[in-house]
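Q: Protein chains in written order, with our numbering: chain A, 8 to 325; chain B, 8 to 325; chain C, 8 to 325.
Worth flagging that the hints you see were computed from the coordinates, not collected in a lab.
There's no promise every hint is true.
[Unchecked claim] Distance condition first, Cα-Cα at most 30 Å in a straight line; then the derived DSSO-like pairs of lysine-lysine:
hint, chain 1, residue 1, chain 2, residue 2
1, B, K214, A, K255
2, B, K32, C, K255
3, C, K32, B, K214
4, C, K32, A, K38
5, A, K38, C, K44
It should be emphasised that the depicted structure is a prediction, and the values quoted were computed from it without experimental measurement.
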Amino acid sequence: MRNFLSIEDVPDPSGLVNKALAYKKQPFLDKALGVGKTLGMIFLNPSLRTRISTQVAARNLGMEVIVFNIDKEGWQLEFADGAVMKGDKTEHVKEAAAVLGQYFSILCIRTFPKLLDREEDYDEQVIRQFVKYAGVPVISLESATLHPLQSLADRMTISEVFTEKRKPKVVLTWAPHVKALPQAVPNSFAQWMKDWDAIDFVITHPKGYELDQQFVGTTSVIHDQDEALTGADFVYVKNWSSYQQYGKIINTDPSWMITNQKLLPTNQAKIMHCLPVRRNLVIADEVLDGPDSIVIQQAGNRVWAAQAVISELLRSNF
Amino acid sequence: MRNFLSIEDVPDPSGLVNKALAYKKQPFLDKALGVGKTLGMIFLNPSLRTRISTQVAARNLGMEVIVFNIDKEGWQLEFADGAVMKGDKTEHVKEAAAVLGQYFSILCIRTFPKLLDREEDYDEQVIRQFVKYAGVPVISLESATLHPLQSLADRMTISEVFTEKRKPKVVLTWAPHVKALPQAVPNSFAQWMKDWDAIDFVITHPKGYELDQQFVGTTSVIHDQDEALTGADFVYVKNWSSYQQYGKIINTDPSWMITNQKLLPTNQAKIMHCLPVRRNLVIADEVLDGPDSIVIQQAGNRVWAAQAVISELLRSNF
Amino acid sequence: MRNFLSIEDVPDPSGLVNKALAYKKQPFLDKALGVGKTLGMIFLNPSLRTRISTQVAARNLGMEVIVFNIDKEGWQLEFADGAVMKGDKTEHVKEAAAVLGQYFSILCIRTFPKLLDREEDYDEQVIRQFVKYAGVPVISLESATLHPLQSLADRMTISEVFTEKRKPKVVLTWAPHVKALPQAVPNSFAQWMKDWDAIDFVITHPKGYELDQQFVGTTSVIHDQDEALTGADFVYVKNWSSYQQYGKIINTDPSWMITNQKLLPTNQAKIMHCLPVRRNLVIADEVLDGPDSIVIQQAGNRVWAAQAVISELLRSNF
Numbered sequence: 008m009r010n011f012l013s014i015e016d017v018p019d020p021s022g023l024v025n026k027a028l029a030y031k032k033q034p035f036l037d038k039a040l041g042v043g044k045t046l047g048m049i050f051l052n053p054s055l056r057t058r059i060s061t062q063v064a065a066r067n068l069g070m071e072v073i074v075f076n077i078d079k080e081g082w083q084l085e086f087a088d089g090a091v092m093k094g095d096k097t098e099h100v101k102e103a104a105a106v107l108g109q110y111f112s113i114l115c116i117r118t119f120p121k122l123l124d125r126e127e128d129y130d131e132q133v134i135r136q137f138v139k140y141a142g143v144p145v146i147s148l149e150s151a152t153l154h155p156l157q158s159l160a161d162r163m164t165i166s167e168v169f170t171e172k173r174k175p176k177v178v179l180t181w182a183p184h185v186k187a188l189p190q191a192v193p194n195s196f197a198q199w200m201k202d203w204d205a206i207d208f209v210i211t212h213p214k215g216y217e218l219d220q221q222f223v224g225t226t227s228v229i230h231d232q233d234e235a236l237t238g239a240d241f242v243y244v245k246n247w248s249s250y251q252q253y254g255k256i257i258n259t260d261p262s263w264m265i266t267n268q269k270l271l272p273t274n275q276a277k278i279m280h281c282l283p284v285r286r287n288l289v290i291a292d293e294v295l296d297g298p299d300s301i302v303i304q305q306a307g308n309r310v311w312a313a314q315a316v317i318s319e320l321l322r323s324n325f
Numbered sequence: 008m009r010n011f012l013s014i015e016d017v018p019d020p021s022g023l024v025n026k027a028l029a030y031k032k033q034p035f036l037d038k039a040l041g042v043g044k045t046l047g048m049i050f051l052n053p054s055l056r057t058r059i060s061t062q063v064a065a066r067n068l069g070m071e072v073i074v075f076n077i078d079k080e081g082w083q084l085e086f087a088d089g090a091v092m093k094g095d096k097t098e099h100v101k102e103a104a105a106v107l108g109q110y111f112s113i114l115c116i117r118t119f120p121k122l123l124d125r126e127e128d129y130d131e132q133v134i135r136q137f138v139k140y141a142g143v144p145v146i147s148l149e150s151a152t153l154h155p156l157q158s159l160a161d162r163m164t165i166s167e168v169f170t171e172k173r174k175p176k177v178v179l180t181w182a183p184h185v186k187a188l189p190q191a192v193p194n195s196f197a198q199w200m201k202d203w204d205a206i207d208f209v210i211t212h213p214k215g216y217e218l219d220q221q222f223v224g225t226t227s228v229i230h231d232q233d234e235a236l237t238g239a240d241f242v243y244v245k246n247w248s249s250y251q252q253y254g255k256i257i258n259t260d261p262s263w264m265i266t267n268q269k270l271l272p273t274n275q276a277k278i279m280h281c282l283p284v285r286r287n288l289v290i291a292d293e294v295l296d297g298p299d300s301i302v303i304q305q306a307g308n309r310v311w312a313a314q315a316v317i318s319e320l321l322r323s324n325f
Numbered sequence: 008m009r010n011f012l013s014i015e016d017v018p019d020p021s022g023l024v025n026k027a028l029a030y031k032k033q034p035f036l037d038k039a040l041g042v043g044k045t046l047g048m049i050f051l052n053p054s055l056r057t058r059i060s061t062q063v064a065a066r067n068l069g070m071e072v073i074v075f076n077i078d079k080e081g082w083q084l085e086f087a088d089g090a091v092m093k094g095d096k097t098e099h100v101k102e103a104a105a106v107l108g109q110y111f112s113i114l115c116i117r118t119f120p121k122l123l124d125r126e127e128d129y130d131e132q133v134i135r136q137f138v139k140y141a142g143v144p145v146i147s148l149e150s151a152t153l154h155p156l157q158s159l160a161d162r163m164t165i166s167e168v169f170t171e172k173r174k175p176k177v178v179l180t181w182a183p184h185v186k187a188l189p190q191a192v193p194n195s196f197a198q199w200m201k202d203w204d205a206i207d208f209v210i211t212h213p214k215g216y217e218l219d220q221q222f223v224g225t226t227s228v229i230h231d232q233d234e235a236l237t238g239a240d241f242v243y244v245k246n247w248s249s250y251q252q253y254g255k256i257i258n259t260d261p262s263w264m265i266t267n268q269k270l271l272p273t274n275q276a277k278i279m280h281c282l283p284v285r286r287n288l289v290i291a292d293e294v295l296d297g298p299d300s301i302v303i304q305q306a307g308n309r310v311w312a313a314q315a316v317i318s319e320l321l322r323s324n325f
């Protein structure tokens, strides 16, 4: 594994999940693996869970960690080839990435979509350029369109929680929100679920919220939320803005919020969300405070997912 | 000791002071105690002394330290139960605290009073909720009403400096300021001094600056500063805003500033202040630059106080 | 070596370069030298290269590192003696520096010129006061007028790259820019080059961009860039604002930009720049992307330069 930008970089997703589960049992199993190596974490927008969980993971492997909030502590980067840099941008990604590659053994970066121009966001120029110029392995801490560390933790959590022999039914459901949010989490979740032969995967959302086909593949999409939830073992709740009417909020129907009533037809489904979650807008208090919410366990698993990824990159590249 | 939010959490304050003094002599006495454990430091407002001293203390015990400035790097938290989160707050403390509890062995948090609504500030909702939901030991890095790490360092400093057999006279004196400051430092200092049988403790301030009775107890309060200072061995100088006319500046009398002249009737008192101190407004240059100021030594002792607290929490909880 | 503020603090610059080159070959040669010691990095303005390279360097020596962005995380400092602190400044450098000296074994600080009052900037009050009051060794991470860590890395890079027996010709050339930049990098580069007997050193810039004589000494200054570049082995490109018409941009002539054409009369010169560099304004893409640019190697060498300096301070002072 050279980089970790999407599931496509992962030769064996189930093996990576097993590695994460092993680290959860023994955090310091490979405590010397990263000694003398430095993980650089570059944030173009802020983060709590991703930052702290990755930091803990890298330390568990003996690595040094350096965090750099480029929006707050640094300066604006130019990404355009051939630009005459007479404006606000003080450094080109060609130098910024190459220099970071001199200082770090592995480079982690978080970027974000502007939600204005679909083509621009889905082109993933920022993270692609860092990969191109850094010269060291790159880990996505969420990019404009994907959030693979989250999805790996999600898949790990389902594997950990579901111990029956049969295939669980996993439902990704859209939920309402007041802000226009990226599609990165649902895109990535779909990408990690769709080819996983150990589960049955279904997506439900209002019409107009169809995700990019490349991530959904042949997954069955049902517009009737109640129908989709029936018999579910896991309900992954998440808002996203429209991909067709790009970045727009085209539905605020509060009946899509997840409540105990909504969950009646499920198979006492476990409730997942990547957090942060707006209570009583996306998911009701009664659900989040109830016995079937596994959102905290899921967030905790971010550490072990990140640790598995970093470990794999250390083994493959050094 | 489960948490460290006030002196009430401490079974043996003098024992804790002795532990801090021992670490000052041998910083790396317990250098393996915290290995494999992570201290999370969450700041809802900025800090220099508290942040750095606690960070050094935790490293001396072998812990990893992760600092998170939630105001700058993260997002706004909702604290109200049952809130429908349609506004600016993107995460509820129920999730934020529980997730941090997944990542950290010990959680340190700094909060602050708004100085608008006394009941709200003295209710200490923020830190109480973090304690309630984090699931791991919590250390106050200063809360709305108390600053126990400062007070422990203060008590340690008095113990360290005063070696005579008799009881020293310790005077807490109000001093003027241009801004409305919290009562956390004087509240906490009073709380740590009032039941300490090795000293005589007196408070002096202009009328209207009475502190909350729960922290002052039966301590003698004298409104004549000169009378209070007479025979003092330690003069702890600090401004605070009014508790009665909550958060207001009701006196700016410059004659309350500590000068050499003011200190003449003392027993060549040592001068203390928690810092930062505004020179020539709170304390005159001649005093801070003179031989009896121990403010730098006092600030240095923050490391050992924090180290004693973290050490105690590590021993009691893991 | 007590502090590292300029080349004047360095008894043996060539020895320090050799030390840096040795660390490049063996980063963990002295991995126990700094164990139990803490490097504090205080930024009054932001930094990428300097911060990260110094952090990596200190960790290579086993030191703890604590970064503090005083502009973002802390508060404004008062530097004037005798000030009555009734305004915005909440702490005097006398306390701030002395307290940091309690927490850190070595204090690194970055300050910057305001470019408004030459006398004020060149007086270097900020860094001088930190040295005066900190009580521990101080490293300049760039001050108002000098950037010695950069210059040490620059000199190391020339030593590393040039392996012929003869003296290389090193040319410092001014280049155009849209912002008024400090003179710290060219001042410091001149200071480190002028007395180095292993090179021939020349400066070229438009009239009106003369640097402070104390840093240039007897170095030959040529106003014809083409003439200066003839036969150059190294071309160090950098913009600076005027020292005479202090802080002003008095020339924006684009013909001073470094292009392949400009470099024809050189001895296939290696191109250096401290970065960040504005492409196609200061240096053309064709040069930066060409085979003779060593700007990334130069930036990478910042780690080893910093490591040599920290190592030297650890050996001399503890």
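Q: Each hint: holds or not?
A: So, going through the hints one by one against the coordinates:
1. B:K214 x A:K255: The hint is violated at about 59 Å.
2. B:K32 x C:K255: violated, 54 Å
3. C:K32 x B:K214: violated, 69 Å
4. C:K32 x A:K38: holds, 25 Å
5. A:K38 x C:K44: holds, 23 Å
In summary, the numbered hints that this structure violates are 1, 2 and 3.
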